[in-house]
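Participant: The listed protein sequences derive, respectively, from chains A and B. Take the first sequence: its position 247, counted from the start at 1, is 247 in the numbering used here, and no numbers get skipped. If you count the second sequence from 1, you need to add 1000 to reach the numbering used here.
Worth flagging that the hints you see were computed from the coordinates, not collected in a lab. Check the hints yourself; a few may be wrong.
Where chain A lies over chain B, by a calculated footprint (3+ residues, C-beta under 8 Å) [claimed, not checked]:
{"id": "1", "stretch": "1035-1049"}
{"id": "2", "stretch": "1360-1367"}
{"id": "3", "stretch": "1415-1425"}
Residues of chain B clear of chain A, computed beta-carbon distances all greater than 10 Å [to be verified]:
{"id": "4", "residue": "T1027"}
{"id": "5", "residue": "D1161"}
{"id": "6", "residue": "L1288"}
{"id": "7", "residue": "I1306"}
{"id": "8", "residue": "S1378"}
Note that the coordinates shown come from a computational prediction; the quantities given were computed from them, not determined experimentally. From the three backbone atoms N, C-alpha and C, an ideal C-beta is built for every residue, glycine too.
This is what each chain is made of:
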Amino acid sequence: MSEPAPAPAPAPAVEPEPPAHPLRAVVLAGGLNVEREVSLSSGTQVAEELARAGVEAELRDADAELLPGLAAAPADAVFIALHGATGEDGALRAVLDLAGVHYVGSPAAACRLAWDKPAAKSVVRSAGVATPDWVALPHSTFRELGAGAVLDLIVARLGLPLMVKPASGGSALGVQKVSRVEDLPAAMVGCFAYGDTVMVERFVDGVELALSVVDLGDGPEALPAVEIAPESGVFDYTSRYTPGLTEYHAPARVSAEVAERAAEIAVHVHRVLGLADLSRTDAIVTPDGEVHFLEVNVSPGLTETSMFPMAVEASGSSLGDVLARLLTRRASTLR
Amino acid sequence: MHHPAPRHPRLDPLADRYAARTHGMKTSEIRALFSVVSRPEVVSLAGGMPAVTALPLDAVGSMIGELVSGMGAQTLQYGSGQGDPRLRERICDVMALEGITDASPSEVVVTVGSQQGLDLVTRVFCDPGDVVLAEGPSYVGALGVFQAAEARVEHVPMDDDGLIPEALEQALIECRAAGDRVKFLYTVPNYHNPAGVTLSEPRRQAVMEIAERYDLLVIEDNPYGLLGFDREPMRALRARDDRRVIYLGSFSKTFSPGLRVGWVLAPLAVREKLVLATEAQVLCPPSLTQYAVARYLDTQPWREQIKHFVELYRERRDATLESLQALMPAGTTWTKPDGGFYVWLKLPHGLDAKLMQPRAVNAHVAYVPGIGFYADGSGREHMRLSYCYPEPDQIREGVRRLARVVEAELDLHSTFDGVDTGSFRAVSGSQPGIVGPANSDRFEDRP
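Please put together the full structure from these sequences, using the hints given.
Facilitator: Quick look at the structure:
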């Protein structure tokens, strides 16, 4: 069987007609990976928001019951609130394509690319967007060439501090800022627990922005940037999901010029990676006003402390309406 | 585009008003990782959940139904703050099995699980800054209670025979020298959670002698005492001293944790304060579940049921120990419990059970990292394995997965341990925070 087409569905010229009956959605949340908790939180909020917008929304896990369930009670469209592997790496979407199930979000091949952070950075840099220097290596490279020699090279060329992060995955799990060279080996050990490839990235200091993009049929549009200011200085898992530990400003407290440039970059990233419907690009603005791409999320967090819902709110829309419009569009649009 | 005023920038308009003791209440990565245990693909050696499906569920169901239909006027009503008198009598019968034969129902306070009992005792005795002595490691739920009371925990080490009396005495001497106010020793003498060890008979005597000599109050927490595999129940500390031991009991492991029925046995003066404290907290323990426990003890063969539980847990303990022996890499050690729910495992030197946890989640096996059982950040090389809930075949599969995880982690450490970062060359070609245009292409990692 041929691979599902990587490009997103072309935007229809006119707003599609919603189905005659109340829209029925299956919200996928949970999964079997380290991001399950966050996904369940996202999925619960999505289902509640959709219900508020008049959509009949059912929350389901991505397990052995899913495909028989979808076959027995087809949904108009599926909303994928899964984070981490399967949900974001394109695998589940490829299966939904095989099953002919409509879903909101980016197609399988584009997800595979965005999921691989180093690969996505390469594509984004080739498209003219600044991104901090990096190197991504599997454990076997350190084992075969000697960890000391390789880490020495990395520190010599990328400097300190460094960001050490899993080459795939989200929710800030496994991400560490390393300021002292003696902490680097332990950081590598901690990070390799999340996956076989680690990305070491030069630390870029500046204002951290979450740049949400949504496409309601007229092409991708950037929502107001959300500025992130964690109390601890590091936007790790605890800072991210404990209300009160991080300040968020939406719109971000940056100049109009920087805000515009950031919005352009977010839309550009969305396009060059072939993403569809919604995405969130994480970026840093340096004191000189340059916007640096860090990574992009094809299934952005939709929890009560997530940045995509804040951006929607700052745009003057309601999350439920935006999600319902995305569903309506996908319900009536074949990929 | 319309831009409304943003919500409170910290998402929590009350962020500046919380009590200082809530500052440790943060979302935890460890907790989040546990979310996967609800999936059937994952073997959970993490939670200490009793095997309640081994209960005669139909009989218990009928019994509770009759309590509502036939006695609803009492079972659905408020009750006494101290707890139902009939249940308190039966609790004294249960405690007699562990040598406490002098307890009076008037000295018993029924609580919402022994967890509430510990909370009440801590509230009654501890001011912020007071010291609580506790085994190292110690029950995580107790550490949470002590933290909420802003008490400081000093750990006393254990070995295979439980708490080390000499270490207890040393801790008391050091606390005295430092001017600390030690309010009590908190101890789980039988089949310890998480360590799995039991305080030996000679040490029970030694601990009580030290308590006498140093005028130390002892909180004896004994949820597992009737779940010994190879011997009669040990004689409780409370059976040796009715003045300086406050005893916490529970039906969570011998009957049902969902009913939330536990108790405190304390001298009369303490009991008075406990009753006032519990009335302020919950008014009274739930009537229906108290009646359910009392009726269960009156009408069901509960001693036989405990024997059934013991056989079931013994089989699971055996599966755990045999699998660990067969599969775990050299350098791993573990305790060998002769009762209760838990094995305390020590990883090969340098491995960190918390850092390893994502690898275990990906391998579909769960455990509890040891760090949670210490108040001082110790325990990184340890983990708690619970064998009480999974079937023996699941346990064997779980240990098989865990062994592979440990092997992979050893492989990783062999790569990175001993790297001499002191010999690294000076940083060149870049400045912190500045992206150097000269090398930006050379470092591209092309897909």
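Participant: Each hint needs a verdict: does it hold in this structure or not?
Facilitator: Each hint tested on the structure:
Under the rule that three or more residues need a Cβ within less than 8 Å of chain A, the assignment of the stretch 1035-1049 of chain B holds, with 5 such residues. Look at the stretch 1360-1367 of chain B against chain A: 3 of its residues bring a Cβ nearer than 8 Å to a Cβ of that chain, three or more, so the hint holds. Counting residues of the stretch 1415-1425 of chain B whose CB falls under 8 Å from any CB of chain A gives 10; the rule of at least 3 is met. With a least beta-carbon separation of about 4 Å from chain A, B:T1027 fails to lie farther than 10 Å from that chain, contradicting its non-interface assignment.
B:D1161, annotated as away from the interface, keeps every beta carbon of chain A farther than 10 Å; the closest lies near 35 Å. The Cβ of B:L1288 sits about 31 Å from the closest Cβ of chain A, beyond the 10 Å cut-off, so the non-interface label holds. For B:I1306, the non-interface assignment is confirmed: its Cβ lies about 36 Å from the closest Cβ of chain A, beyond the 10 Å cut-off. With a closest Cβ-Cβ approach of about 17 Å to chain A, B:S1378 is found to remain outside the 10 Å limit, as its non-interface label requires.
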